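Engineer: Quick note, the sequences are listed as chains R and D, same order. When we follow the numbering used here, the leftmost residue of the first sequence carries the number 11, and every step to the right adds one. When we follow the numbering used here, the leftmost residue of the second sequence carries the number 11, and every step to the right adds one.
No wet-lab data here; the hints were simulated from the structure. Treat the hints with care, as some may be off.
In this list, chains with the same sequence are indistinguishable; a pair is considered to hold if it fits within one copy or across any two.
Computed list of lysine to aspartate or glutamate pairs in DMTMM-like fashion (alpha-carbon distance at most 25 Å, straight line) [unchecked claim]:
hint, residue 1, residue 2
1, LYS36, GLU273
2, LYS84, GLU200
3, LYS161, ASP245
4, LYS161, GLU43
5, LYS161, GLU200
6, LYS36, ASP54
7, LYS70, ASP245
All values reported here derive from a predicted model rather than from experimental measurement.
Number of protein chains: 2
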Amino acid sequence: MSRAVPAAADAGLPIAAVERETGLAKDTLRVWERRYGFPQPLRDGAGNRRYPAAQVERLKVIRRLLDAGQRPGKVVGLDSAALQALLSGQAPLTPAAAARLPAGSELPSLQAMLDAIAAHDPQTLRRALTHARLGMGLASFINELVVPLSKAVGEAWMRGRLEIFEEHLYTELVSGVLRDAIAGLAPAVESGRPRILLTTLPQEQHGLGLLMVAALLTLEGCSCISLGTQTPLGDIALAAAVHDADVVALSFTSVQSGTAVLESLRVLRIRLPGQTGLWVGGSCSALYHKPLAGITAVRSLSDLPGVVAQWHCEHPQH
Amino acid sequence: MSRAVPAAADAGLPIAAVERETGLAKDTLRVWERRYGFPQPLRDGAGNRRYPAAQVERLKVIRRLLDAGQRPGKVVGLDSAALQALLSGQAPLTPAAAARLPAGSELPSLQAMLDAIAAHDPQTLRRALTHARLGMGLASFINELVVPLSKAVGEAWMRGRLEIFEEHLYTELVSGVLRDAIAGLAPAVESGRPRILLTTLPQEQHGLGLLMVAALLTLEGCSCISLGTQTPLGDIALAAAVHDADVVALSFTSVQSGTAVLESLRVLRIRLPGQTGLWVGGSCSALYHKPLAGITAVRSLSDLPGVVAQWHCEHPQH
DNA sequence: AATTATCTTTGTCCTGGACAATTTGGGCAA
DNA sequence: TTGCCCAAATTGTCCAGGACAAAGATAATT
Chain R
11 MSRAVPAAAD AGLPIAAVER ETGLAKDTLR VWERRYGFPQ PLRDGAGNRR YPAAQVERLK
71 VIRRLLDAGQ RPGKVVGLDS AALQALLSGQ APLTPAAAAR LPAGSELPSL QAMLDAIAAH
131 DPQTLRRALT HARLGMGLAS FINELVVPLS KAVGEAWMRG RLEIFEEHLY TELVSGVLRD
191 AIAGLAPAVE SGRPRILLTT LPQEQHGLGL LMVAALLTLE GCSCISLGTQ TPLGDIALAA
251 AVHDADVVAL SFTSVQSGTA VLESLRVLRI RLPGQTGLWV GGSCSALYHK PLAGITAVRS
311 LSDLPGVVAQ WHCEHPQH
Chain D
11 MSRAVPAAAD AGLPIAAVER ETGLAKDTLR VWERRYGFPQ PLRDGAGNRR YPAAQVERLK
71 VIRRLLDAGQ RPGKVVGLDS AALQALLSGQ APLTPAAAAR LPAGSELPSL QAMLDAIAAH
131 DPQTLRRALT HARLGMGLAS FINELVVPLS KAVGEAWMRG RLEIFEEHLY TELVSGVLRD
191 AIAGLAPAVE SGRPRILLTT LPQEQHGLGL LMVAALLTLE GCSCISLGTQ TPLGDIALAA
251 AVHDADVVAL SFTSVQSGTA VLESLRVLRI RLPGQTGLWV GGSCSALYHK PLAGITAVRS
311 LSDLPGVVAQ WHCEHPQH
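Can you make the complete structure from the sequences, with help from the hints?
Structural biologist: Following this line, the structure appears as structure tokens:
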């Protein structure tokens with residue numbers, strides 16, 4: 011009998027659900043409401059906030075604009091129309107990238123791949139990726155296809171032209187292709203040096219960069235041990251010790267604050283033995299502002315062979 | 011000049027870091043402090059909490075005991091010795107599993123694999139896993155080896171016999187083997203039905219269960235589309251629509267609170283078309299307390315073939 | 001132009017109170 | 001004993017509104 015459902019099935023989402031959906035912390039949602047007058051959730055019987063779906067959508071758009079560099083004071087509180095206008099007007103993150111790949115390139119066109127993503131055709135995309143990988147060699151595949159394509163996907167998402175789930179699916183497929191490639195490579199270099207431990211810090215859940223690095227390093231004759239993403243600092247130090255790693259390699263994106271990243275690196279550098287190398291890379295600008303003591307910052311994946319060569323110079327016994 | 015380092019290199023972790031490390035919400039940490047007198051963090055210059063490493067360790071132990079069914083009032087506030095005693099006294103999570111695999115079984119022994127994990131020998135472990143997979147068939151490999159082994163690893167971790175990084179490495183290797191297997195299977199069933207969309211909700215970052223499900227379902231002739239982990243609710247609904255999914259399958263662990271999980275499922279069920287199935291599984295006890303309207307709870311991976319068969323019964327046109 | 005100092009913005013943390021949902025334990029009937 | 005129901009205790013999450021440090025923007029100086 012009755013009491014089937016609280017009836018107010020869509021009176022709106024509670025604040026915890028909005029935090030999950032938008033990635034905006036509960037404290038942030040409350041303080042925006044106080045300062046900018048948006049969002050303006052309804053209240054349930056207990057006085058708790060209930061966010062209507064439309065406001066959640068607007069929050070998601072705002073989130074994208076913030077990721078693109080806008081400041082909250084300018085965009086929170088704008089209505090949907092103004093937000094959409096801003097979105098379309100965003101300057102591309104990588105104006106150079108597009109220019110660098112003129113039409114007529116015989117590479118499998120980025121645009122074609124983007125179209126396959128937007129067409130929700132995973133099989134076609136997977137085939138295209140595998141085909142490209144076999145055709146152009148692993149290093150070129152990564153440097154000339156995966157890197158620019160990932161940038162393009164990120165940018166398309168920022169502009170609202172791709173949904174999050176489309177980016178997720180793209181990431182899954184590329185990961186699969188890269189893992190395949192690594193698996194095919196690994197047996198040859200099981201005991202190569204340097205022995206490199208790969209992972210990311212807690213908070214950093216983006217593992218695609220890690221896979222690309224693992225593939226390129228394996229190609230350079232290193233033996234790679236990947237712990238996946240989000241390993242606590244203490245465990246990284248422990249793992250480096252028990253696996254006799256010559257180098258710890260970490261990948262970053264810009265999701266975390268630069269300060270936090272540098273602080274973590276400082277602590278990790280202290281906990282690692284001095285002779286263990288610490289290589290860092292990824293799209294986190296704080297890594298490259300100034301040289302970090304005892305840390306090798308790798309700006310671009312194409313610099314990796316050089317870094318490995320450098321290591322061999324400094325460790326001639328291997 | 012000076013100002014090289016704040017000197018207080020390890021005055022303790024801020025509350026946000028403890029939340030990440032332990033999975034305990036900031037609000038919970040504060041309310042425990044108020045009610046039970048533990049934890050009792052130091053304060054930095056600004057009056058913010060700084061948790062010493064020892065307290066964080068104790069919190070992690072407490073978290074494990076809570077997951078094992080203890081109540082906060084009984085365990086928060088016990089000293090380390092009492093906690094350890096409780097921990098060792100915990101009934102094993104899977105008393106049956108050990109009994110079900112008597113010595114002399116010709117299976118690659120779980121113990122041998124656990125030893126390989128503890129010995130930090132990834133190559134041996136990978137070879138053993140691959141060998142087992144080829145020898146026993148994919149379904150048996152998953153149901154009889156990977157599932158009990160993962161349980162054993164989780165339990166060993168809970169008892170403090172394995173470090174997090176050892177679990178991470180194990181997960182990476184098993185994931186690799188499973189992905190390999192799926193890749194070898196997939197081409198045969200590209201358009202099989204049901205077409206199943208796999209992912210996890212935001213907050214749930216454990217993807218191994220998802221891989222096992224994908225493998226078993228592919229084996230049953232389904233075509234699987236995996237979005238990886240942590241897809242927002244709205245995107246799951248969108249993705250199900252554009253990919254013409256017959257079923258959405260979600261995997262859970264016990265890291266999130268049961269209430270939050272059920273609330274999310276309720277919302278998702280509303281947003282999905284009625285004819286789209288919603289299958290859920292994993293080690294989150296809230297899923298199995300009572301039947302959920304419009305949701306199929308799969309208690310064990312070995313039930314999957316039955317669930318697929320059931321689906322075919324109800325959709326004879328496929 | 002480049003660097004430094006000052007003002008603004010913004011996310012996170014704080015306190016202490018409240019409450020709803022779950023769990024526990026007792027009382028009572030079968 | 002077992003099963004069921006209600007009161008009491010437990011427990012996680014939410015709230016308000018204040019505070020502040022880090023980061024960004026702007027102005028002043030070299």
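Engineer: All the hints need checking, so say for each whether the structure fits it.
Structural biologist: Outcome of the hint check:
no.: 1; hint: LYS36 to GLU273; verdict: both (21 Å within a copy, 17 Å between copies)
no.: 2; hint: LYS84 to GLU200; verdict: neither (53 Å within a copy, 47 Å between copies)
no.: 3; hint: LYS161 to ASP245; verdict: between (31 Å within a copy, 21 Å between copies)
no.: 4; hint: LYS161 to GLU43; verdict: neither (32 Å within a copy, 45 Å between copies)
no.: 5; hint: LYS161 to GLU200; verdict: neither (32 Å within a copy, 29 Å between copies)
no.: 6; hint: LYS36 to ASP54; verdict: both (17 Å within a copy, 24 Å between copies)
no.: 7; hint: LYS70 to ASP245; verdict: between (33 Å within a copy, 12 Å between copies)
Of the numbered hints listed earlier, those contradicted by the structure are 2, 4 and 5.
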